[in-house]
Amino acid sequence: MSVETGTDPTTDPTAVNAETATATSASNDGATPSSVTMTKALNQALRDSLADDDTVLVFGEDVGRLGGVFRVTEGLRAEFGSNRVWDSPLAESGIIGTAIGMAMNGMRPVVEMQFDAYAYPAFEQIVSHVAKMRNRTKGRVSLPITIRIPYAGDIGGVEHHSDSSEVYWTSTPGLTVVTPSNPADAYSLLRESIASDDPVVFMEPKSRYWMKETLSLPVTTAPMNRAQVIREGTDVTLLAYGPTVRTALETAEAGAEHGLSIEVIDLRTLSPFDDETVSASVRKTSRAAIIHEAAQFGGYGAEVAARLTERNFTFLSAPILRVTGFDVPYPSPKLEEFYLPTVERVLDALESWDWEL
Amino acid sequence: MTIDVPTTGRSLPQLQPISFIGADGRLTDTPTEGLRIPSDATLTGLYRQMVLVRRFEAQVTHLTRQGRLATYPSAAGQEAAEVGATTALAPNDWLFPTYRDSAALLTRGVPVAEILAAFRGDWHCGFDPHEYHTSPAATPLATQTLHATGFAMAAKLKGEDAATLTFLGDGASSEGDTHEAFNFASVWQTPTVFVLQNNQYAISTPLREQTNATMLADRAAGYGMPGLRVDGNDVAAVFAAVSAALERGRNGDGPTLIECLTYRMESHTNSDDPTKYRDTEEVEHWKQFDPIDRLEKYLRQTGALDDARVAEVAEAAEALAASVRDAMNAEAEIDPRELFAHVYASPRTALTEQRQVLEAELAAAGHA
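First to last, the sequence lines map onto chains A and B. Numbering that gives the first Met the number 0 puts the first residue of the first sequence at 0, with every later residue one more than the last. Numbering that gives the first Met the number 0 puts the first residue of the second sequence at 0, with every later residue one more than the last.
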């Protein structure tokens, strides 16, 4: 399996290094490999899930005829009919709320929130009901709902189209929060999310929709709930997820040119957090930094830094760093480049450590 | 240029609420929209259930004042809407109640201890929703209206002969989810009945500060579904209207909104003081329309009820009250370890670790 640069015209065309070939330990049924975008992988995951299980339903705004604004659901309505894939009225709380009722009646709804900030009207249904139904009912009612949320920026989107909303969901007990960074994982993790009896918030990094990989679908990568070391190193561990995995890999490349051996971990699932894999890496390298697009204060990186410190304090040579978006609302397209964590910003952060320790 | 104006063919509901039995126990001469008064046998059953739930509400309210329950929202005065609507459900239908619908849960057959588990603080939902075809009572306002819509949509997709009924209040009618549910249900033509119990107050806010609309039932027209305005204290009217709406849904004709005009006789919960927001004259006024008194008068006229039967029902109500007292006087056994048991379908390392913390604390405190 190899990885090539996407054709997304709005993003930095910097090629992803071939070392990401180890990004997933993929297996497949021997079909002929082809170039697959993340969008295509997600589309195929939905198609295969719909074909395998009659209870799987796909609905949301514009997911039917149009195939979604990012075309993730393209062709599914034509193939499976409007009783399995359909356009819902425009109302996010309504989409999630009705998905809850459908799941209570034996269905596995896969719903789309179109854009990250569009999920906010559905916040109450997600937090108060989707996340809690199993607990409220002592396990008698489970809600196998997959909530697809395209998230994060770097696509030149206007206001409310580029938020990183992951921490709202990760701080909610009862939810599983998944975010792939590459097409193979996008396929495999979405299949696993739909099959899960727990509700999953499936966050799709918009800026990676056009990323291509040569692979054969169907593909099974590492299980959900496990982080993966996708580049080995000995000096520092970089933690990333979704859109920042590429940033981390590029940083590792740049660091190598300066003699720095950087290990990169793709978290893949944000909740639950895979302490085991991450702690093992940090104990090896003794230094860690996490990169995310969301604002820093109270962000996901704060949780990561805290729990890694609690578990590995005596192994650390330096404080765990966060390289994140600034604590400002996600900016307009012309300011994105100043907001997003870049390779240079990550390298600068690493340089701030006292490397003599 | 002419413009084709699409029409849903829906007209606004009549201002005068549908009613069969007046406050004096006599048949009214108000329009009934083609509905038929239920049989005396049905009405006698509804009478019995209303007496039971009123005694239940009184007993639970009393126990709450004694501190046996953390809080309790009574539906005293709303028996006709609670019982009339719920009784219309077939066993295979699903009910989506709110926090004030314990009377509906009782009518649905949920055991007393399981209804009250949430208010006593034992667990958020004390019963098995699948066993009673009843969703956990929703506290966030109007959220359950969407669950009822989605459940009905799944039933429709699966070809099940099941409808859903959801209760909401006049306060909840201002929430966005109500409007989304009305719209989704109508667009999808789901077999859903929205029973809007207009009990005149959202905690302390009166209806006139809740809406500037003439009535809440006419909102249905804007969503392309029928709306009915019913005397919510006339159980005959509620039962007839809801039965017809459920049948309509099962026939594939979509949802119905039924506004039940009623009155909450008690406070919102034990923690508010209704004398601060309404006067005794108003309460006394509504007592004239008491749902149980009028039905008793009517059924005595038809001969379906007599002193002996009334006494028998009263005795059953006392027995129910005693069972409520017994249930609330018995301490439920709660295992603290269950905190971690029902969060996820699959085990999570972090929860396992946190459970070990709790178990160590329990052991240190001498708990088994």
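No lab work stands behind these hints, which were simulated from the structure alone. Some clues are possibly wrong.
To be verified - Just so you have them, the derived chain B footprint on chain A, three or more residues with Cβ under 8 Å:
(1) 89-100
(2) 167-176
(3) 198-210
Just so it is clear, CB atoms sit at the ideal spot from N, CA and C, and this is done for glycine as well.
Going down the list of hints, with the structure as the test:
1. 89-100: holds (count 9)
2. 167-176: holds (count 3)
3. 198-210: violated (count 0)
Hint compliance for this structure: hint 3 is the single one not met.
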